[in-house]
Amino acid sequence: MANIARTSGAGPALLPHQRFTAEGEAYVYAAETGGLFRMDGGMREALSSLASAEASTLPSEILSDLRRAGLLPAEGLREKAGRTAHPPLRLRTLVLMLTTSCNLACRYCYEDREEGCTPRDDGPGGGGPSAAAGRDAPGSIAAAGGGAPRDMSPESLRNAIAFLLEHDGPGGGGPSAAAGRDAPGSIAAAAGADRKVSVTFFGGEPLLRFPLIRTAVGEARRMARERGKEISFSITTNGTLLTREIAGFLKENGISVCLSIDGPREIHDRNRPYASGRGSYEDVARGIDLLMENRDGFPVAARVTLGHGAVDVRKTFDHLRGLGFHEVGFAPASAAEGNPAALTEEELCSVMDGFRDLADGYVDDVRERRVPTFSNMSQILALIHRGDPMPYPCGAGIGMLAMDPSGAFHPCHRLVGIGDSFGAPGAGFSEEARVRFLDGARRRRESACDACWAKNFCSGGCYHDAYLRHGDLFAPSVHYCRWIKELFLLGLQTYVRIQNETPTFLDVMLGERGIA
Amino acid sequence: MKHLKGVNRKARKIEKTDQGAPVVEAQGIVPFMHTCTSVFNPGYENDWTGSTKQLCTPIETDLFGTTDMYCWWPGQAPDTYNNPDWNADCTRAMKDWMKLKVVKPEW
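Those protein sequences? They're chains P and D, same order as listed. First residue of the first sequence? That's 1 in my numbering, and the numbers climb one at a time after it. First residue of the second sequence? That's 1001 in my numbering, and the numbers climb one at a time after it.
Next comes chain D alone, as it looks inside the complex:
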């Protein structure tokens, strides 16, 4: 795309595809579909991930969500085999998340 630059994740995905992404509605798995409305959040019994675990938990706790081997989504965190100490200075994600090391692939 020459005149539009993707800003959110969906737009960046569209940029990468050859054709515009078709809209898929109401089929199969629907995202965010286990919480209250986003508009007024009237019940507020769930957090924005749709679970209760993070209800008011600092979102930094999610930093470690991608580090275990059973994670189903592509890890944004470095693998701990090659980078065993990437989070060594971050003992409490809530407070120390800025101390996480940036790991760059070397090639």
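For reference, chain P alone in the conformation it holds in the complex:
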């Protein structure tokens, strides 16, 4: 029997929920169903009195509403039949760690573990992007050096893409389930699998392997076409190695760019220096200029890592919006407690204040018909809007896998080198390891997090973050619990404000495209 949140006293057991007010009205979010409801006066009083009253003393129509909303146990609710089965591997996104090398030495980088990251040069000035990027002739197999290979070979990359195109799951409900989308007789049509898959070039710094990327994009497109699939690409880069040629290639090929930048020069240079200590802002800014010129709608997102001592969210956001980014997303640096990059309690509070400010701006943007840029909020609003339970915190091992430079699969790019690998295309994919991994995730969700009202947003949090903090992939991210709840409460309040002011926004703008 799962835990349930109990009110104090002898009253009935209320299931996990969160009450809040927004715009002068009272609302309740029910975690078991994911439903968000506005309460009338009667319901407000009933919920308040439940702490001391017996359920039987409440009017039957109130009790009925509570059961239907998922606030009181009802027949059929929380039936967990068949929960031994995990969702099948239904691969939509493959993150390719093209190299573990990077030309920067960011102070919070999680790559700096056992193998460390080896900066190759000090930026465009010395040896620079062309020297670094030109190491691999297209199609060549990079020298592995001693120990685990630092660079992915073209052969591994080809195997990875073939695996992605052939393991996008049994389908049955996804976008491609619509009959007729796939060419008759194609593999996708036969398997009923997703037609759209995506590859993310990741590292290290993936642009160190630009020749490989250039070759891979063409080849992957060809392989996808042969199988009746659509393939899209994205790249997460530090931007320092961008040249006019590379920027042009990315734009021509519609490769979405996610650029790691931490804010204005003083913040960015402090967080993201070269190994020599020289800041990288100038080189990144030049790269951004190249991406932004003649971009004609070409998407460029900024991803900000918030580390200790640099948490001015508003200033960072305004700076990046000014540079022309379509989206700006924030993530606190993952770090063990005591790590100099880790945010303090006070800094987390300051980040939350910044997020509140940006949430106000988000509502203003919607009201004034501007495109909202604060992407953390877009993501939370989409989750609230759909209201689906989230049994796992992310897609690791379900719809997403990462491949390390040696060609082995991992649940995600952050878990390379941590825990069991999931095998490799040649040696065989280990379903056993995948199930073991998801078992761990579910144990956490059903024990530590079951009574939490925010479980559908968080589901225990990032595995990698838990590992750094607690040495256990499946430890709940308790160090962030209070913060996360505040964040989602902010999301709920923002959701209500937007629904009240611009009720069509979420249906139209947060449409379901691409969501299974």
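Keep in mind the hints are simulated off the structure, nothing from the lab. C-beta: ideal position from N, C-alpha, C; glycine also. A couple of the hints might just be wrong.
[To be verified] Per the computed footprint, the stretches of chain P lying under chain D, defined by three or more beta-carbons under 8 Å from a beta-carbon of chain D, are: (1) 33-45; (2) 62-71; (3) 380-386; (4) 489-499.
[Stated by the list, open to error] Straight-line C-alpha distance at most 30 Å; calculated DSSO-like pairs for lysine-lysine: (5) D:K1104 - D:K1016; (6) D:K1104 - D:K1005; (7) D:K1095 - P:K251; (8) P:K251 - P:K315; (9) D:K1104 - D:K1002; (10) D:K1002 - P:K485; (11) D:K1101 - D:K1016; (12) D:K1013 - D:K1002; (13) D:K1013 - P:K196; (14) P:K251 - D:K1005; (15) D:K1013 - P:K485; (16) D:K1002 - D:K1016; (17) P:K196 - D:K1002; (18) D:K1013 - D:K1104; (19) D:K1016 - D:K1005; (20) D:K1013 - D:K1101; (21) P:K485 - D:K1005; (22) P:K196 - P:K251; (23) D:K1095 - P:K315; (24) P:K315 - P:K485.
Once you've looked at the hints, dock chain D against the given chain P.
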């Protein structure tokens, strides 16, 4: 439901059903399961739809996602057979989405 008014999509769905919707966990297709965690969005390699196509693409681009005949979800956009010019003034969704026409069924 008399005392609760559904606000999000899930709540409105519950309102329409006779019984409260049972929780279904970890079975079959799981939504949003091909991206990073929603909490801190640590990898940010995917957008909130789980794909990369819209990574930082203005969400208005989705306006036209429901207009083609192969769309698997019920169209929220008018059919272009009866309303051929509903989007005539919206040449670039990103900029002109407010110029889309509202189409009301006549009955």
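Evaluation of the provided hints:
no., hint, in the structure
1, 33-45, "holds (count 10)"
2, 62-71, "holds (count 7)"
3, 380-386, "holds (count 6)"
4, 489-499, "holds (count 3)"
5, D:K1104 - D:K1016, "holds, 23 Å"
6, D:K1104 - D:K1005, "holds, 25 Å"
7, D:K1095 - P:K251, "holds, 20 Å"
8, P:K251 - P:K315, "holds, 28 Å"
9, D:K1104 - D:K1002, "holds, 29 Å"
10, D:K1002 - P:K485, "holds, 29 Å"
11, D:K1101 - D:K1016, "holds, 29 Å"
12, D:K1013 - D:K1002, "holds, 15 Å"
13, D:K1013 - P:K196, "holds, 28 Å"
14, P:K251 - D:K1005, "violated, 46 Å"
15, D:K1013 - P:K485, "holds, 25 Å"
16, D:K1002 - D:K1016, "holds, 12 Å"
17, P:K196 - D:K1002, "violated, 43 Å"
18, D:K1013 - D:K1104, "holds, 23 Å"
19, D:K1016 - D:K1005, "holds, 11 Å"
20, D:K1013 - D:K1101, "holds, 27 Å"
21, P:K485 - D:K1005, "holds, 23 Å"
22, P:K196 - P:K251, "holds, 20 Å"
23, D:K1095 - P:K315, "holds, 26 Å"
24, P:K315 - P:K485, "holds, 24 Å"
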